[in-house]
Amino acid sequence: MSRHSDIKWTVLRGVYEDNAGIPRSCHGKGRSRHAVGPQPAERGSGYRRKAVLVALLALVALLGINFRLVTVDGAGPVAMQVVQRQFPPLPADPMNLLASTGDDPVTDSDRPAGVEPLQAIRDAAATTGHYDAMLGRLGIPLADLFNLRIQTIVIDPGHGGIDPGATGPQGLKEKDVVLDIARRLRDKLARSGKYRVLLTRDEDKKVYLKERVAFAKENRADLFISIHINSLPPEVKHLNYVETYYFGPHTDQRSLELAEKENHDSDYLMGDFREVIARIGDTVKTEESKELASSIHKRLYSNLKRRNRDLMDARSKTGPFMVLLGVEVPSVLVEISCISNQAEETRLSMPAYRDDVADYLKTGITEYLEQRTYRRSIERGKTQHVAKQENQHAIRRD
Amino acid sequence: MSQSKKTNMLYVGIDLGTSRSVVSASNGNRKWVESYVGWPKDFVAKKMLGKRVLFGSEALEHRLALDLTRPLRNGIITEGTERDEAAVHELIDHLIEMAGAGPDDEVCVAVGVPAEALKVNKIAIRNAVAQHAKKLMVVSEPFSVAYGLGTLDNAMIIDIGAGTVDFCIMHGTVPTDEDQRSILMAGDYVDEQLLRLLSEKHPEADFSLNMVRKFKEKHGFVGESKRRVKIEAPVDGKFTEFDITNEMRKACESPMPAIVETVIDLIAGFDPEFQESVRNNIIVAGGGSQLTGLDTYLGEATKQFGPCSFTCITDPLYAGADGALELAVDMPEEFLEKL
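Order-wise, the sequence lines are chains A and B.
The numbering of the first sequence is our numbering, which starts it at 1 and goes up by one.
The numbering of the second sequence is our numbering, which starts it at 1001 and goes up by one.
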């Protein structure tokens, strides 16, 4: 055969393999430089992957032993004991703090009643350093205590570029599906006009986990949602389930394996771990991440289940994912479903289905945000009630 | 190559485009339709039109009575609704009907789609074609153009469509994701720019997107031109002549910086040993390739990065469908049987 026929044969074979869902291995001589080098599956097999695994195991051990002792400002157990000796715990009922500080809750007639008590708790905590009590005993989510608002939501479509993520039996790639869902989710969330919604990647390019984390920091993200699709080994490829993670120790062996897979290109160094471990005590993040994960998971699973009776619920749970560890704000990682299941792959290839998935994610996020607003209004209601009682006492005293 | 082709096999090449969809068949049929699909809005419209579904210019003509969609806007099945998926089904039905397959014909179809659609809609498109064809392949539009032209090695294809500009580097094998790029500043973007510029300059005149698209297709140009572009548009119901030379040039040149940047970036990422060959073999296809002066303009714009040679193809309407047809015909029987 002539050289041209040779090339034609290679091309035709490539088209056949592409359309028959056969992974291609042949590459032309002039292949793009970007694609030269180890393929995604090989990338995590070197030192870095081992280092990440070792560090993760160390981290999980640390989490098990010290999780309750690490403070928000990174103080260790000894420092904490000193703090506890110097500053006794706050009263069990946070509303009693008003009486103990002796503040009059209604000092400014222009200010809405009920603002003062919560402010008093914040001020007291800030000035006296009762962080330990605040973290464990107030019974109020810290995000509410500090009146933390959500302004910027960062959506993180997993993988991209030379890293396709999971590939379905018919050749559909995780990187393309999650990008499409992320774009749809961005548009739906942005439509409310209440939030700034950003994507860590808006095109098909490789972004390292570290860069995703840096993007969230640079843009002052308030929420971080990483979107992935699962893939299962051949012997269980008929299974299909939804699972949602927030950062924490793994709850089962599969979570650890999945985390290892998603962490494979973390690009973090051992030295970075000193800094990131210190963040584990970030109670705000943990509390809110758990709420967010639960809300998203509930909506995603219940809606997808209606369309697919075989869908299983792998729950919302903790997992040692690097991208969740690095981000300092409430963050979750959603594994929407399993692309290794051929029927699910076909569904994922349908724009209408992806649009629905984006809708379910949006509903989960919106419900979480509304729940926060509701919680805050309840807190305000409580404090208003206390303020009212205080006023009535004052009137009676007069 | 295996040549033992079945005699009752009809080979069909389809170019499923954002703006126009084209079919080219081994029985000699070559037809095209604008990629509009419309269903009558209600029973009155259905009675008036006498059809369940309308396509192309006929659909555009009756758009007020139709639920009209262009399913591959922005290069992918866009709305994410069942309606757009149904529209793709209808469009493919119509194209295969236009190919003129006989009742006993076994149909083998190769479909070229915008590069982005290939990534996220490939299975949806396969499903839409599957009911008509026993054998089918879905490839990217620039790839089918390259195959038809025989430029399979050390070449770059730029397909300037309505929804996307697709770039594809050919290096003797099927291009991977890294060899392909898409940008959204394409024909529709130019139309929007032109409409904005004209509406700003002549607020008294009534322009529509459809009108400016026709102006662009007739008079579009980039770079220097001695010819003035004069068109007529209604002002208070009376047709009035306007000179839109500057606006036309500005709108048509608006996607050029992004195109030049992508060309340079793709070449720079290519094996250095073969960069020179690619530079001298850049083919511009798609409706956008017909802008007057495009090859010279791109050659000048890329000069500072090293000389590049751009060639605009002569038959952009059928190049994709003809390439897809050639691909279907050339596909060896041993592969076809498994598809």
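The reader is advised that the hints may include incorrect statements.
As the list claims (entries may be wrong) - In silico lysine-lysine, DSSO-like type, Cα no more than 27 Å apart, as pairs:
(1) B:K1214 x B:K1201
(2) A:K8 x B:K1134
(3) B:K1201 x A:K8
(4) B:K1238 x B:K1218
(5) B:K1051 x B:K1031
(6) A:K362 x A:K298
Hint data in this document are derived by calculation from the structure and do not stem from the laboratory.
Quick caveat: nothing in here was measured; it's all calculated off a predicted structure.
Structure-based check of each hint:
1. Only pairs whose Cα atoms come within 27 Å are accepted, and B:K1214 paired with B:K1201 is accepted, the gap being roughly 19 Å.
2. About 23 Å separates the Cα atoms of A:K8 and B:K1134, which keeps this hinted pair within 27 Å; it holds.
3. Between B:K1201 and A:K8, the direct Cα distance comes to roughly 52 Å. Violation of the 27 Å bound is thereby established for this hinted pair.
4. Simply put, B:K1238 and B:K1218 have alpha-carbon atoms about 22 Å apart, close enough for the 27 Å limit, and the pair holds.
5. With a C-alpha separation of about 21 Å, the suggested pairing of B:K1051 with B:K1031 holds against the 27 Å cut-off.
6. Among the hinted pairs, A:K362 with A:K298 is consistent with the structure: their alpha-carbon atoms are about 12 Å apart, no more than 27 Å.
In summary, the one numbered hint that this structure violates is 3.
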